[in-house]
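Asks: Each chain, written out:
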Amino acid sequence: MNIFVCVKQVPDTETKVTPNGDGSYIETSSIKWIMNPYDEFAVEQALLHKAANAGSTVTVVRVGGAKDTEALRTALAMGADEAILVDSADNLDSYMTAKAIKGAIEKSGKTPDLILAGKQAIDDDCLQVPQVLAQMMELPSVSVVVGFEGEGSNLTLKREVEGGAIEVYNVSGPVVVACNKGLNTPRYASLPGIMKAKKKPLTTLSLGDVGVSDEDQRIKYSDFQLPPEKPAGKKFDATDEGAQASVVAEVVGLLRTEAKVI
Amino acid sequence: MAKIAVFTETQGDNVKSVTLEILGKLAGQTVDVISVGDISEAGLGDLAKYGAGNIHVIKGEGLDQYSPEGYSNALKEFLSSGGYDYVFAGSTSLGKDLFPRLSSMFGAGMASEVTNFVMDGDNFSGTRPLFAGKCLAKVEVTGPKPHFVTVRPNSLGLPESPTAGAGTKNDASSSAGEIRAAIKEIIKGASEKLDLTEANIIVSGGRAMKEEANFKILDEMADVIGATVGASRAAVDSGYAPHAMQVGQTGKTVSPSLYIACGISGAIQHLAGMRTSKVIVAINTDPDAPIFTKADYGIVGDLFQVVPIMTEEFKKLLG
Amino acid sequence: MINFDYSQEQKEIREMAMKFAKNEMQPVASEFDESGEFPTEIIKKAWELGLVNTCIPEEYGGTGFTTVDSVIISECLSYGCMGMNTGIMANDLALLPIVIGGNDEQKKKFLTPFTEEYKIASFCLTEPGNGSDAAGIKTTIKEDGDHYVVNGQKMWITNAGFADLFVLYGTSDPELKHKGISAIVIDPKTDGIEIGAPEKKMGHKCSDTRAVTFNNVKVPKENMLGNPGDGWKIAMKTLDHSRPLVAASAVGGAQCALDHSVAYAKERNQFKVPISNHQAIQFIISNMSMKVEASRLLVTKSAWQLDQGQSNTKMASYAKAFAADSCMEICTDAVQVFGGYGYSKEYPVEKLMRDAKLIQIYEGTSQIQRLVIAKEIFTRS
Chain A
1 MNIFVCVKQV PDTETKVTPN GDGSYIETSS IKWIMNPYDE FAVEQALLHK AANAGSTVTV
61 VRVGGAKDTE ALRTALAMGA DEAILVDSAD NLDSYMTAKA IKGAIEKSGK TPDLILAGKQ
121 AIDDDCLQVP QVLAQMMELP SVSVVVGFEG EGSNLTLKRE VEGGAIEVYN VSGPVVVACN
181 KGLNTPRYAS LPGIMKAKKK PLTTLSLGDV GVSDEDQRIK YSDFQLPPEK PAGKKFDATD
241 EGAQASVVAE VVGLLRTEAK VI
Chain B
1 MAKIAVFTET QGDNVKSVTL EILGKLAGQT VDVISVGDIS EAGLGDLAKY GAGNIHVIKG
61 EGLDQYSPEG YSNALKEFLS SGGYDYVFAG STSLGKDLFP RLSSMFGAGM ASEVTNFVMD
121 GDNFSGTRPL FAGKCLAKVE VTGPKPHFVT VRPNSLGLPE SPTAGAGTKN DASSSAGEIR
181 AAIKEIIKGA SEKLDLTEAN IIVSGGRAMK EEANFKILDE MADVIGATVG ASRAAVDSGY
241 APHAMQVGQT GKTVSPSLYI ACGISGAIQH LAGMRTSKVI VAINTDPDAP IFTKADYGIV
301 GDLFQVVPIM TEEFKKLLG
Chain C
1 MINFDYSQEQ KEIREMAMKF AKNEMQPVAS EFDESGEFPT EIIKKAWELG LVNTCIPEEY
61 GGTGFTTVDS VIISECLSYG CMGMNTGIMA NDLALLPIVI GGNDEQKKKF LTPFTEEYKI
121 ASFCLTEPGN GSDAAGIKTT IKEDGDHYVV NGQKMWITNA GFADLFVLYG TSDPELKHKG
181 ISAIVIDPKT DGIEIGAPEK KMGHKCSDTR AVTFNNVKVP KENMLGNPGD GWKIAMKTLD
241 HSRPLVAASA VGGAQCALDH SVAYAKERNQ FKVPISNHQA IQFIISNMSM KVEASRLLVT
301 KSAWQLDQGQ SNTKMASYAK AFAADSCMEI CTDAVQVFGG YGYSKEYPVE KLMRDAKLIQ
361 IYEGTSQIQR LVIAKEIFTR S
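Residue numbers (the numbering used here), protein chains in the order written: chain A, 1 to 262; chain B, 1 to 319; chain C, 1 to 381.
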């Protein structure tokens, strides 16, 4: 099987995010980059599926800057066979990213039997690329996947929806699977794996090579800013038994209308 | 004027309230609502009340159950003939899955998880959080139309005095086309409680719980709001709760969207384990308890009086 | 040519080892400190990922790490838990004499199995009456027909209760001092070996430390590393490798104490502001941070010299003494930053303070390092 995994490189979750000078994006000069955590589940699932289906290869594809290649190297060190980098800005919109991945997969000359990705990237939090890519490649897709079973291209996939309910999908044939936490436990890149990774093929393509141009831009971001400071907490006095009911009702109301957590 | 459609979903007899939030925000525009499958009379009434013009109810083969391919094929067919400029939906499980595929069928762009927006004449301009909310940015859509937007539920809020629309129901037919990824079955949400570290809502008790049996008032509240019950170290050390329930430095580090601390003073080791909670509610008799410095909503009062009232309020709210 | 950058692989090694330390070791470190249980599962997992036995050369199944790579790993694992890392590092301390003094056949026989399955090794040098005076060994290795016979007692033997292999230093005749010392590989299951009960220690509680007694233990002649009498030479070369490794473990422990202190100082309020706003705390933190970085530079240089084929004896002692002493100071300061909480087991820094002390003692005390440094200075000037 030809298994493809889409990975993105994102700022470490502990990174302090600050808008850049003109508010066009965030300050990226001192960011520590990591593989998008949801993509780790995708890489792990690819490796598990490869192990269960002899003769499979795992190709990781990333669209982003060529300066740091942590995400691809990590995937190779975990056990992926080869990597393709589409050299571009790290913050292309979902449409351009999906189109670039499609182009990169086509350039590889391999027909995909399975495409895995994280359900969302934790930088732009869009949750779009897997579904857009599936549509562009005329493939079905299942997103927010927490269960993956089956042989070859006959898969049973579990998708998590609101309230913890699970939709169980049956798919035969190539599919795009967007992976969620809980699907598996990603392995560590072993040290021998890290040493071997540097000998594995890494192809770099330009956006032009994969048929993407500025005209493919669909989303424009501007005015990056920090969210307003969290206001100081509110304190209510419910020591007087007569006032308790109304005070508690007010707080519960605020939890819904203001804090929006209920 | 821009031609706008809002895709709605139903939940039981009601339409999801995010649809009404979007309609409310679009007051002044001519807005069609689109549903795949029937809407109840009550639902139609709500849609009209919040400003829906035409309400298109799409039915057809293969559309009885959701599938990303079936729904997007059917909507593609319907939308193509409608000449819409914008198509909105709630950023729900279904909306998040469906809209990227649908937008891609038009080669169009989509703004995800918008928390606020304005229509400036014919132009949409939204605000959305990025980097898990560490940043906000203005988002605009460019390129071929329609432009797609999903709105995060509960972020716009419902208008207090909505502008009503005609609410004319119109049956439309469409078809799912080929479905390669189909739902075989739906497994209901697990009833057992989530682990503390995964829980979205946590209700915790401290030393003021006085004894193990008293935790049942927390259990009752937790059942109503789908929360998991935790405890402070003081409560665990006093034998009121097992160590597995301990939140804090030597217990579990949690980060729910809502943390309700009952009778917990807020020792630094407890705060270390829960300070990343999105919203913190504290109930304590001591107005100077350190927990109040971290609480978004502090209630000074006796937990044995406040908690049962709160449980009742939650029941009313969640009905 | 001066370059302070790690290579791409070294950055990845560091990233991965640190992830392992933070996810697998740190969360259970205090639990193991409390129970004193040997962390077999954790060491096994580290072994599976290639984090153990970093000294084994590629041709014998190892990963082919440089000394700089090894000290990076040692620092990270020690960050996770100094005690667990002692167990892991003890394997290298035991296998290094084979890497340095063994012939091809011995390396294949003794090192390769460690790359094929999870195994533990112990290094038997110290005796009840000999610590710093290593040349005063009393354990004897005497020729007897086609084998050697070992007699004597060894003390503070790390991993002894779990070991699959011992490397023992003994003498053909205690009167010969350095010249009589030999190094020999022993199967711990051999008749006549008595392994003592685990020692009760101040720190590094989950590392297994015992006395081992050898009563007429027969050892095949082919287990002798080098020739009889080569032991001292092998031991000295081993120290050039092992001291940077142990010094790196001090850096890891110190970095951990610093990180905890910085996080706590931002969290803890006194006089209505975080204590990180108080200059008193800022000065402590700055000193800690300086010492960590200076230690790391010395460690890295001492490892780098070895990789360059240069003599690193003096640098290794600089690194060992400075990093170990700094680690002790830093961990003590960490407890100070935490105040009362720091003294309680509720927080991790009291354990760090107890663990730090041992690094000033084992693998050559801080005083012995200064003797080595002085000797290097005076014999070369």
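Don't read these hints as lab results, they were simulated from the structure. Owing to the predicted nature of the structure, the values given are computational and were not obtained by experimental measurement. Possibly wrong hints are sitting among the right ones.
To be verified - Computed cross-link-like contacts, DSBU-like style, restricted to lysine-lysine with a CA-CA straight-line distance of at most 35 Å:
no. : chain 1 : residue 1 : chain 2 : residue 2
1   : C       : Lys22     : A       : Lys16
2   : C       : Lys19     : A       : Lys196
3   : B       : Lys316    : A       : Lys181
4   : C       : Lys237    : A       : Lys198
5   : A       : Lys196    : C       : Lys107
6   : C       : Lys201    : C       : Lys272
7   : B       : Lys278    : A       : Lys181
As the list claims (entries may be wrong) - One-sided excerpt, in silico: chain B residues whose CB lies under 7 Å from chain A:
no. : residue
8   : Asp64
9   : Gln65
10  : Ser104
11  : Cys135
Ideal placement from N, C-alpha and C gives every residue a C-beta, glycine not left out.
Asks: When the nearest CB of chain A is found for Asp64 of chain B, is that gap smaller than 7 Å?
Replies: violated (14 Å)
Asks: Is the Cα-Cα distance between Lys201 of chain C and Lys272 of chain C 35 Å or less?
Replies: violated (40 Å)
Asks: Regarding the pair Lys22 of chain C and Lys16 of chain A, is the alpha-carbon distance no greater than 35 Å?
Replies: holds (20 Å)
Asks: Answer holds if the nearest beta-carbon of chain A is closer than 7 Å to that of Gln65 of chain B; otherwise answer violated.
Replies: Violated, because the Cβ-Cβ distance from Gln65 of chain B to chain A comes to roughly 9 Å (cut-off 7 Å).
Asks: Grab the minimum C-beta distance from Cys135 of chain B to chain A and call the hint holds if it beats 7 Å, violated otherwise.
Replies: This interface hint holds because 5 Å falls under the 7 Å limit.
Asks: What's the verdict on Lys237 of chain C and Lys198 of chain A, does the C-alpha distance respect the 35 Å limit or exceed it?
Replies: holds (32 Å)
Asks: Does Ser104 of chain B pass the interface check with chain A, least Cβ-Cβ distance below 7 Å?
Replies: Result: holds, 4 Å to nearest chain A Cβ.
Asks: Taking 35 Å as the top limit, are the C-alpha atoms of Lys19 of chain C and Lys196 of chain A close enough?
Replies: holds (19 Å)
Asks: Mind checking the alpha carbons of Lys196 of chain A and Lys107 of chain C for me, to see if they're no more than 35 Å apart?
Replies: Status holds; Cα separation ~24 Å.
Asks: So if I understand the rule, the pair passes when the alpha-carbon distance is 35 Å or less; does Lys278 of chain B with Lys181 of chain A pass?
Replies: Distance ~20 Å between Lys278 of chain B and Lys181 of chain A Cα, so the pair holds.
Asks: Check the hint pairing Lys316 of chain B with Lys181 of chain A against an upper bound of 35 Å on the C-alpha distance.
Replies: holds (33 Å)
Violated hints, in rising order: 6, 8 and 9; the structure is consistent with all others.
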